[in-house]
Amino acid sequence: MVHDETPDIRLEGLTIGYGKTAVVSGIDATLPGGKISVILGGSGCGKSTLLKNILMLNAPLAGRVMIGSHDLNKLDRRGKHCLRQRMGVLFQDGALLGSLSLGDNVALPMREHTRLDEKTIRERVLDKLALVGLEEFYDYYPNELSGGMRKRAGLARGMVMDPPLLFCDEPTSGLDPVTAVELDQLLLELKKSFNMTMVVVSHDLDSMRTIADHVIVLGAGKVLYNGTREELETTTDDYLRRFLDRRAEERTSPRLTMPALDYKVMKRDCSKYLGEG
Amino acid sequence: MARPGAEGDSAAMMNSRRQHFSPIAHLGDATLRFVGDTGAMFLFLLESTGRIFSSLGQFRKTIQQIYFIGVKSLSVITLIGLFTGMVIGLQMHYALAKFGAEGFLGAAVALSLVRELGPVLTAIMITGRAGSSMTAEIGVMRISAQVDALRVMDINPIGYLVSPKLAASIICFPILTAFFDLVGMAGGYLTGVLLLGGNGGTYTYRIQAYMKLSDVTGGFIKSLVFAVVVCTVCCFMGYYTHTRRDAVGPEAVSQATTAGVVTSCILILLSDYILTSLLF
Chain C
33 MVHDETPDIR
43 LEGLTIGYGK
53 TAVVSGIDAT
63 LPGGKISVIL
73 GGSGCGKSTL
83 LKNILMLNAP
93 LAGRVMIGSH
103 DLNKLDRRGK
113 HCLRQRMGVL
123 FQDGALLGSL
133 SLGDNVALPM
143 REHTRLDEKT
153 IRERVLDKLA
163 LVGLEEFYDY
173 YPNELSGGMR
183 KRAGLARGMV
193 MDPPLLFCDE
203 PTSGLDPVTA
213 VELDQLLLEL
223 KKSFNMTMVV
233 VSHDLDSMRT
243 IADHVIVLGA
253 GKVLYNGTRE
263 ELETTTDDYL
273 RRFLDRRAEE
283 RTSPRLTMPA
293 LDYKVMKRDC
303 SKYLGEG
Chain A
107 MARPGAEGDS
117 AAMMNSRRQH
127 FSPIAHLGDA
137 TLRFVGDTGA
147 MFLFLLESTG
157 RIFSSLGQFR
167 KTIQQIYFIG
177 VKSLSVITLI
187 GLFTGMVIGL
197 QMHYALAKFG
207 AEGFLGAAVA
217 LSLVRELGPV
227 LTAIMITGRA
237 GSSMTAEIGV
247 MRISAQVDAL
257 RVMDINPIGY
267 LVSPKLAASI
277 ICFPILTAFF
287 DLVGMAGGYL
297 TGVLLLGGNG
307 GTYTYRIQAY
317 MKLSDVTGGF
327 IKSLVFAVVV
337 CTVCCFMGYY
347 THTRRDAVGP
357 EAVSQATTAG
367 VVTSCILILL
377 SDYILTSLLF
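Those sequence lines, one after another, are chains C and A.
If you count the first sequence from 1, position 141 lands on 173 in the working numbering, and the numbers rise without skipping.
If you count the second sequence from 1, position 136 lands on 242 in the working numbering, and the numbers rise without skipping.
Honestly, the hints are just simulated from the structure, not real lab data.
Backbone N, C-alpha and C fix where the C-beta goes; we use that ideal spot for every residue, glycine too.
In silico SDA-like pairs for lysine to any residue, Cα to Cα no more than 20 Å straight-line:
{"no.": "1", "chain 1": "C", "residue 1": "67", "chain 2": "C", "residue 2": "245"}
{"no.": "2", "chain 1": "C", "residue 1": "112", "chain 2": "A", "residue 2": "153"}
{"no.": "3", "chain 1": "C", "residue 1": "112", "chain 2": "A", "residue 2": "257"}
{"no.": "4", "chain 1": "A", "residue 1": "167", "chain 2": "C", "residue 2": "171"}
{"no.": "5", "chain 1": "C", "residue 1": "52", "chain 2": "A", "residue 2": "351"}
{"no.": "6", "chain 1": "A", "residue 1": "167", "chain 2": "C", "residue 2": "130"}
{"no.": "7", "chain 1": "C", "residue 1": "52", "chain 2": "A", "residue 2": "349"}
{"no.": "8", "chain 1": "A", "residue 1": "204", "chain 2": "A", "residue 2": "192"}
{"no.": "9", "chain 1": "C", "residue 1": "112", "chain 2": "A", "residue 2": "157"}
{"no.": "10", "chain 1": "C", "residue 1": "106", "chain 2": "A", "residue 2": "260"}
{"no.": "11", "chain 1": "C", "residue 1": "106", "chain 2": "A", "residue 2": "257"}
{"no.": "12", "chain 1": "C", "residue 1": "52", "chain 2": "A", "residue 2": "350"}
{"no.": "13", "chain 1": "A", "residue 1": "167", "chain 2": "C", "residue 2": "148"}
{"no.": "14", "chain 1": "C", "residue 1": "112", "chain 2": "A", "residue 2": "260"}
{"no.": "15", "chain 1": "C", "residue 1": "151", "chain 2": "C", "residue 2": "171"}
{"no.": "16", "chain 1": "A", "residue 1": "167", "chain 2": "A", "residue 2": "277"}
{"no.": "17", "chain 1": "C", "residue 1": "151", "chain 2": "A", "residue 2": "163"}
{"no.": "18", "chain 1": "C", "residue 1": "254", "chain 2": "C", "residue 2": "93"}
{"no.": "19", "chain 1": "A", "residue 1": "167", "chain 2": "C", "residue 2": "133"}
{"no.": "20", "chain 1": "A", "residue 1": "167", "chain 2": "C", "residue 2": "153"}
{"no.": "21", "chain 1": "C", "residue 1": "151", "chain 2": "C", "residue 2": "133"}
{"no.": "22", "chain 1": "C", "residue 1": "151", "chain 2": "C", "residue 2": "172"}
{"no.": "23", "chain 1": "A", "residue 1": "167", "chain 2": "C", "residue 2": "142"}
{"no.": "24", "chain 1": "C", "residue 1": "112", "chain 2": "A", "residue 2": "161"}
{"no.": "25", "chain 1": "C", "residue 1": "112", "chain 2": "A", "residue 2": "263"}
{"no.": "26", "chain 1": "A", "residue 1": "167", "chain 2": "C", "residue 2": "150"}
{"no.": "27", "chain 1": "A", "residue 1": "167", "chain 2": "C", "residue 2": "144"}
{"no.": "28", "chain 1": "A", "residue 1": "167", "chain 2": "C", "residue 2": "145"}
{"no.": "29", "chain 1": "C", "residue 1": "112", "chain 2": "A", "residue 2": "262"}
{"no.": "30", "chain 1": "A", "residue 1": "178", "chain 2": "A", "residue 2": "276"}
{"no.": "31", "chain 1": "A", "residue 1": "167", "chain 2": "C", "residue 2": "147"}
{"no.": "32", "chain 1": "C", "residue 1": "223", "chain 2": "C", "residue 2": "118"}
{"no.": "33", "chain 1": "C", "residue 1": "151", "chain 2": "A", "residue 2": "162"}
{"no.": "34", "chain 1": "A", "residue 1": "167", "chain 2": "C", "residue 2": "143"}
According to the in silico footprint, chain A covers these stretches of chain C (three or more CB under 8 Å from chain A):
{"no.": "35", "stretch": "119 to 125"}
{"no.": "36", "stretch": "132 to 143"}
Examples of chain C residues lying across from chain A (beta carbon under 7 Å, computed):
{"no.": "37", "residue": "87"}
{"no.": "38", "residue": "89"}
{"no.": "39", "residue": "113"}
{"no.": "40", "residue": "116"}
Based on the sequences and whatever the hints tell you, model everything.
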């Protein structure tokens, strides 16, 4: 289903964190509708926490998230239900339910939220599984699949209700380069075919360069960059340049200060197995 | 265990620092957590009860849980029931023989099983077999983001995961308890009549003569209460695995499982005492 109107996601004065501890403060950004926005940043900078706030899994410490004209803080129960049914989510490792087969996992939202008969549900599930190249694995269980297949299955489940909003948490992490590129191509294809608003959390620069229309970079508890991919590539900001060029910060002192471990201190003498005897 | 949503709470952290220095602060902290957990558990029970009939799909899930909690527990309940009945038969026979009252063996075995041992031992066995796996299953789902996945699919995790288990427990516990009682009485017959040479007719007659309806309904009520206690405690511990203060990740699941089983067993015995005082 191609969506005629896909909503923007606006983050207004948003402060996110856990308990009373802020992780990122003062986020003001618009994730444009019908485009792929990539939230970029180092490990532990708050990318996934931001995603959880947009998905209504965590409440913001301050500020608000607007999806279209809806303020998520002010949505009533019914509004939240309706909005969630229009969101698809791919979790970091797929988060498939281990006790259900792949087909049942993908069919789950349809069984819970629609009045469709089993035959139609099966057809639509097979269609979505074919989209991610897994139609032959309908009866397989998640533990019988590789990491990449689980991610693709998670994407099929996220897509099964034809949502106008798709959120992906680290879709390419832990995948081999070929599978990662395939997944990126799939996201681009989905955006083109269905005109979806996509938000992708990632620290994969290659993936960002392939799919992103809009980029937000988080770091040091704030938004370091908010704009298009093209503008990001020409930035002169030192931190962003190092991040984009994959350069580590220059250190004034050597990192290793201790001599290599003498294996004679080992409790078990293994020297003959290492050709040292 | 920590209160739901209490992570990162600076007041709680202050409390945990103070408790090293003051036993009163430690006691106060523990009391607050106990009250908080009890309240949260009660709300958890209310929500899971309210969602038992939330959709037609719940029926299919409940049937699956009945198979898991009930049918799969049958063999262990048979074994434990048989040996419990045999041991009671043996002990009671020697005790009653001292007063020349061996004829009351059937009544003694049946009453001790139906009123007390049947509901309690059945509940403890199901806690060990099914309760522990309820906690572990939900705990693993919690730490691997499967519960979050349910929430973002707009599927209420408590309704999806807990309500069918609660409904199945309420159905299975009384049936398994009745089965335990019957097998136990057969075990008592085996030792009292077949092995020790008692009179079979007297054994069964005394059961019929001394067993009242109130004994059976008392045991039935106990098993219902235990079903709610075991299912609520075990599912609650699994559901809030991620808020545990004592461990994280897989270790939190194992700690939650242990806590679920231990707390359930303690609450079974505590509620058994209260119910016995009220019912008999």
